[in-house]
Amino acid sequence: MTAATLPLALLVAACSLPTDERVVPYDRDDLPPALVETTTTTSTTSTTTTLAPPDGSTPLSSSTTTTLPALVTAPVDLYYTIGFSDDVTRLTLDLQADATLPQVIRQLEQPRSDVRDFGLRTAVRTGLVDSVVVDRGTATVSLDIDTVDEMSDTNLQRAIAQLVLTLTSYRTPDQGGIGTVSFEAGGEGFAVFVPSFGGSSEPGEALAFSDFAGLIANTTATTTTTTTTTTTTTTTTTPADDDG
Numbered sequence: 008m009t010a011a012t013l014p015l016a017l018l019v020a021a022c023s024l025p026t027d028e029r030v031v032p033y034d035r036d037d038l039p040p041a042l043v044e045t046t047t048t049t050s051t052t053s054t055t056t057t058l059a060p061p062d063g064s065t066p067l068s069s070s071t072t073t074t075l076p077a078l079v080t081a082p083v084d085l086y087y088t089i090g091f092s093d094d095v096t097r098l099t100l101d102l103q104a105d106a107t108l109p110q111v112i113r114q115l116e117q118p119r120s121d122v123r124d125f126g127l128r129t130a131v132r133t134g135l136v137d138s139v140v141v142d143r144g145t146a147t148v149s150l151d152i153d154t155v156d157e158m159s160d161t162n163l164q165r166a167i168a169q170l171v172l173t174l175t176s177y178r179t180p181d182q183g184g185i186g187t188v189s190f191e192a193g194g195e196g197f198a199v200f201v202p203s204f205g206g207s208s209e210p211g212e213a214l215a216f217s218d219f220a221g222l223i224a225n226t227t228a229t230t231t232t233t234t235t236t237t238t239t240t241t242t243t244t245t246p247a248d249d250d251g
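Numbered per the working numbering, the sequence shown spans residues 8 to 251.
Calculated from the structure, these hints are not laboratory results. Quick reminder that beta carbons are idealized off the backbone N, C-alpha and C, glycines included. Be aware that one or more of the hints could be misleading.
[To be verified] Taking CB as the label site, the calculated pair distances span:
{"no.": "1", "residue 1": "Gly194", "residue 2": "Gly90", "range": "13 to 23 angstroms"}
{"no.": "2", "residue 1": "Gln110", "residue 2": "Asp142", "range": "18 to 28 angstroms"}
{"no.": "3", "residue 1": "Asn225", "residue 2": "Ser159", "range": "44 to 54 angstroms"}
{"no.": "4", "residue 1": "Arg113", "residue 2": "Gly183", "range": "18 to 28 angstroms"}
{"no.": "5", "residue 1": "Ala213", "residue 2": "Pro109", "range": "18 to 28 angstroms"}
{"no.": "6", "residue 1": "Thr80", "residue 2": "Asp153", "range": "30 to 40 angstroms"}
{"no.": "7", "residue 1": "Asp142", "residue 2": "Asn225", "range": "16 to 26 angstroms"}
{"no.": "8", "residue 1": "Pro210", "residue 2": "Asp84", "range": "38 to 48 angstroms"}
{"no.": "9", "residue 1": "Asp142", "residue 2": "Ser92", "range": "13 to 23 angstroms"}
{"no.": "10", "residue 1": "Gly183", "residue 2": "Ser159", "range": "14 to 24 angstroms"}
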């Protein structure tokens, strides 16, 4: 070996691992903090358990079908004003069968959106009617006096016409047909304008359909309601016994 290669050989020998290499333990306290920090890892395991039928059994499926009854409706004649005129016209709506008087009044107070499609309006303000009591064919309509005071004479006359014509065209589920309508406010009889009289009625006087029939225009409109039958199917699976 030449003198030039001797230092290189010594350098290689110095960098190689010793033949008898052993693991030398270190004291934990002598290590830097970065090397002794520990990290905790948490894992979550989800287990899905499927229960099988007992050995030798055969799953049986039973199906139960429940059919909800369709909504039963009936035609009801309601009267609305034509635009802003004094004329009224009949509009036949399909309402729930055996609709109550409050439900009928609500159709006058808050007409369905399609009522305006016929160019019709209502003068019956929400809150105008406090209650309606039917006795022996006469419907006594109690008016809210505060709402009456807020209405113009023209609108009140139109509202009275709508109420009389609608109520005398309706047959109640429990009292039958309504022949006449009277009005009260504040617990006392209330006088209203009657076209056939050419003036006001007596306070609390019973009024008939014919007293307001002269306001009815020749045109009538009809709108219908579509009902849907809903069917619900429930399937239940149960294991059978070995004996069948």
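Consistency of the hints with the structure:
1. In this structure the supplied range 13 to 23 angstroms is violated for Gly194 paired with Gly90, their Cβ-Cβ distance being about 35 angstroms.
2. Remark: the range hint 18 to 28 angstroms for Gln110 to Asp142 is upheld by a beta-carbon distance near 20 angstroms.
3. Distance hint check: the CB atoms of Asn225 and Ser159 are about 27 angstroms apart, inconsistent with the given range 44 to 54 angstroms.
4. Checked against the hint of 18 to 28 angstroms, the C-beta distance between Arg113 and Gly183 comes to roughly 21 angstroms, which is consistent with it.
5. In this structure the hint that Ala213 and Pro109 lie 18 to 28 angstroms apart at CB holds, the actual value being about 21 angstroms.
6. Distance hint for Thr80 and Asp153: a CB-CB separation of about 35 angstroms, consistent with the stated range 30 to 40 angstroms.
7. Take Asp142 and Asn225: their Cβ atoms lie about 34 angstroms apart, and the range 16 to 26 angstroms is violated.
8. At about 28 angstroms, the beta-carbon gap between Pro210 and Asp84 misses the expected band of 38 to 48 angstroms.
9. For the hinted restraint 13 to 23 angstroms between Asp142 and Ser92, the CB-CB distance of approximately 34 angstroms leaves it violated.
10. The given range of 14 to 24 angstroms is broken by Gly183 and Ser159, whose C-beta atoms sit roughly 35 angstroms from each other.
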